[in-house]
Amino acid sequence: MQRLIEKFERVYIHHDSVSSELGERLRAIFPAEKIEFVDQRPFAEADGELSAREFSRSKRLLYICRYPGKFFKRCPGSRPGLACCNYFVLNWGLQCDMNCSYCYLQSFINTPLLTIYSNLDDALGELRGLGMEEHGLRVGTGETVDSLSLDELTLYSHRLIEFFRSYPKWTLEFKTKSSCVDQFLNVPHAGNVVVSWSVNPQHIVEREEHGTASLYARLAAARRCAERGFKISFHIDPMIWHPEWRENYGLLVEAIATQFSPEEIPYMSVGALRFQPEQRAIMRERFGLNSYVTTAETFVGSDGKLRYDSAIRQEMFQFILDSFARHDSRWRIFMCMETPETWLKAAGGSPFKNERMNDLFDPKTVVQAAKTADLQDQSCRS
Amino acid sequence: MVVRPMLISSIAHCDKSLNFQPAREWPKAFPAMAWQGFLLSGFERLDGPVIDLFESSRCTWLDAVTACYPELGLGEIARLHRALHQSRPEMAREFTVTLFAAYGMRWSDRLSETMSALLKTPMVFQKWVDEKKCGVRDLAPLLAYTKIEELAPFFAALPELSLSKSQAVLTSEWFIELALMGRPLNDLLPTSNDGEAYMRRLKQWRQPRSAASDEQWRKTVTEWPWPAQVQGRWERFGDQTGLEIKIRTTSPQDLHKKLERLISIRDTWSCND
Chain P
1 MQRLIEKFER VYIHHDSVSS ELGERLRAIF PAEKIEFVDQ RPFAEADGEL SAREFSRSKR
61 LLYICRYPGK FFKRCPGSRP GLACCNYFVL NWGLQCDMNC SYCYLQSFIN TPLLTIYSNL
121 DDALGELRGL GMEEHGLRVG TGETVDSLSL DELTLYSHRL IEFFRSYPKW TLEFKTKSSC
181 VDQFLNVPHA GNVVVSWSVN PQHIVEREEH GTASLYARLA AARRCAERGF KISFHIDPMI
241 WHPEWRENYG LLVEAIATQF SPEEIPYMSV GALRFQPEQR AIMRERFGLN SYVTTAETFV
301 GSDGKLRYDS AIRQEMFQFI LDSFARHDSR WRIFMCMETP ETWLKAAGGS PFKNERMNDL
361 FDPKTVVQAA KTADLQDQSC RS
Chain L
1 MVVRPMLISS IAHCDKSLNF QPAREWPKAF PAMAWQGFLL SGFERLDGPV IDLFESSRCT
61 WLDAVTACYP ELGLGEIARL HRALHQSRPE MAREFTVTLF AAYGMRWSDR LSETMSALLK
121 TPMVFQKWVD EKKCGVRDLA PLLAYTKIEE LAPFFAALPE LSLSKSQAVL TSEWFIELAL
181 MGRPLNDLLP TSNDGEAYMR RLKQWRQPRS AASDEQWRKT VTEWPWPAQV QGRWERFGDQ
241 TGLEIKIRTT SPQDLHKKLE RLISIRDTWS CND
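If you're matching them up, the sequences are chains P and L in order. The first sequence: position 263 = 263 (the working numbering), numbered continuously. The second sequence: position 191 = 191 (the working numbering), numbered continuously.
Warning: the hint list may mix true and false statements.
Covered stretches of chain P (chain L as the covering partner; in silico rule of three or more C-beta atoms under 8 Å from a C-beta of chain L) [stated by the list, open to error]:
1. 39-52
2. 276-288
3. 294-303
Calculated directly from the structure, the hints in this document are not laboratory data. Given the structure is predicted, the values throughout are model-derived calculations rather than measurements. Note that beta-carbon positions come from the ideal geometry of N, C-alpha and C, so glycine has one too.
Using the sequences and the hints given, assemble the complete structure.
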């Protein structure tokens with residue numbers, strides 16, 4: 001907790017959130033001199049494409065307010081042309097306190113603050129309104145904010161885990177690069193909470209994932225979760241090419257496969273480095289060219305993002321799949337944000353036709369949830 | 001109705017500190033324009049009449065500028081803003097946001113950094129930026145290099161290269177990235193005006209693995225037993241590479257024969273893959 005108190009230079013609390021649970025909690029945690037109550041979002045005049053300096057500073061300025069829009073959205077992987085894994089996202093904040101060189105938020109965020117929304121109840125109300133209790137919905141919270149790195153401040157994990165106890169067929173997925181799990185380990189759950197980690201070899205963690213927990217701390221946190229009956233998952237994403245990638249990713253697979261069993265991990269994903277072309281500029285400015293990410297040899301893919309050459313991606317994915325298979329053929333691994341062509345070449349077939357994957361990739365659930373969400377959206381607009 | 005006579009004075013009496021070296025010479029048929037004694041146009045003239053737009057119409061400085069220059073390039077606006085800042089800092093504070101807004105830009109930290117970087121490049125490059133109507137994003141690579149003035153020889157040479165605007169933008173990106181990766185500037189500078197050859201050289205350095213692999217495939221493919229009137233080339237299609245095959249055929253029988261012979265190409269490819 002002390003780490004977080006020191007990390008933030010300033011905490012802005014909008015008047016609409018002062019008496020919210022989160023507002024009151026932060027007022028109790030942070031020294032009064034760091035807190036400022038505001039009527040409108042600070043630095044609104046700086047909205048737009050942020051400079052490197054503004055983006056870096058935004059990680060140290062916390063802003064608490066209500067979110068007036070829709071919390072619940074489909075994962076960007078659901079775009080045409082990509083094989084999507086039936087994933088929905090609930091965004092309760094915007095910006096991350098960690099500092100990965102490849103972070104897509106660098107091309108996404110246009111407000112110079114780390115924002116946390118105080119009205120989580122409204123988000124849960126949206127989920128309740130979907131009325132899809134009988135469907136296998138997967139909901140993640142780690143798209144625009146790390147699910148757990150700020151959880152000691154918000155304790156949103158408690159509220160979400162408790163909420164999902166009433167929806168045993170749904171799955172809640174926390175996705176994090178932190179090791180902050182101890183604050184929710186005692187919360188009773190319905191066995192439908194997956195705590196997942198984005199993982200990379202320690203060499204990449206040190207070089208590209210600044211301010212995150214070490215690989216070993218992440219694996220140790222995963223072990224603590226598994227011991228409390230939480231499902232756990234790992235996302236080897238983004239895989240980053242570097243001269244010793246085989247050796248280092250081999251060590252990563254070894255660490256996971258020897259410390260965990262396929263029964264403890266319902267699924268894992270792999271993905272390779274990808275980013276929007278316009279992100280190159282801010283990455284260069286913030287991390288220079290002493291980074292495997294900014295020096296990567298990338299090309300524009302069919303979705304307009306920059307990616308490694310498809311042959312390299314296939315080679316990397318194949319390496320991970322084979323390495324896990326050598327340990328145990330029961331590991332379930334899917335490729336995140338990849339084209340059907342890559343699936344065919346690296347995994348030998350479409351995920352929709354793969355018996356061990358098709359519960360994740362069942363398009364019927366996705367379509368129904370999307371329709372419901374869209375209908376809600378339309379009724380909100382009308 | 002009150003009719004004000006046009007107030008005409010002489011250029012010699014005007015303050016020329018706002019001379020931002022506009023790309024186009026002020027039309028000879030017009031008198032020079034000024035605002036509160038600050039010359040706004042006709043900077044190249046040594047003498048002659050000048051109309052003070054403030055005196056004649058009480059317009060603001062910005063109104064006067066936009067009336068004289070309905071369009072300005074990034075280089076021009078950067079120089080104008082700098083000149084205003086140097087000669088009348090209080091006016092620069094007042095007009096910065098609206099000046100850039102008048103030319104379709106939103107003043108921000110990023111835009112400010114871009115303008116500063118652009119002003120550190122040689123004038124020939126700034127004029128090229130205006131001529132090619134470059135946007136702020138086209139200049140993004142400049143922000144990565146802290147001492148951009150060190151790269152002046154490159155920016156002076158870039159307009160001389162036979163490159164399209166998008167090629168030149170990519171070239172400047174590769175150049176700056178390679179400089180940041182530690183490649184000596186002497187190696188990196190162009191040695192002729194052949195832009196395409198220069199881009200190939202930079203690409204080989206910036207993307208050495210894929211460039212080498214693509215080149216290897218290109219050579220290999222040319223050695224395959226292509227049927228007559230069939231051309232096969234190894235090409236990059238975004239994040240994929242593969243064969244592009246061009247067939248010239250004169251009859252269905254001829255096409256059939258060529259397709260049959262292409263089977264041997266497929267087999268050769270399979271062996272090489």
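Consistency of the hints with the structure:
no.: 1; hint: 39-52; in the structure: holds (count 6)
no.: 2; hint: 276-288; in the structure: holds (count 6)
no.: 3; hint: 294-303; in the structure: holds (count 8)
Hint violations for this structure: none, all hints satisfied.
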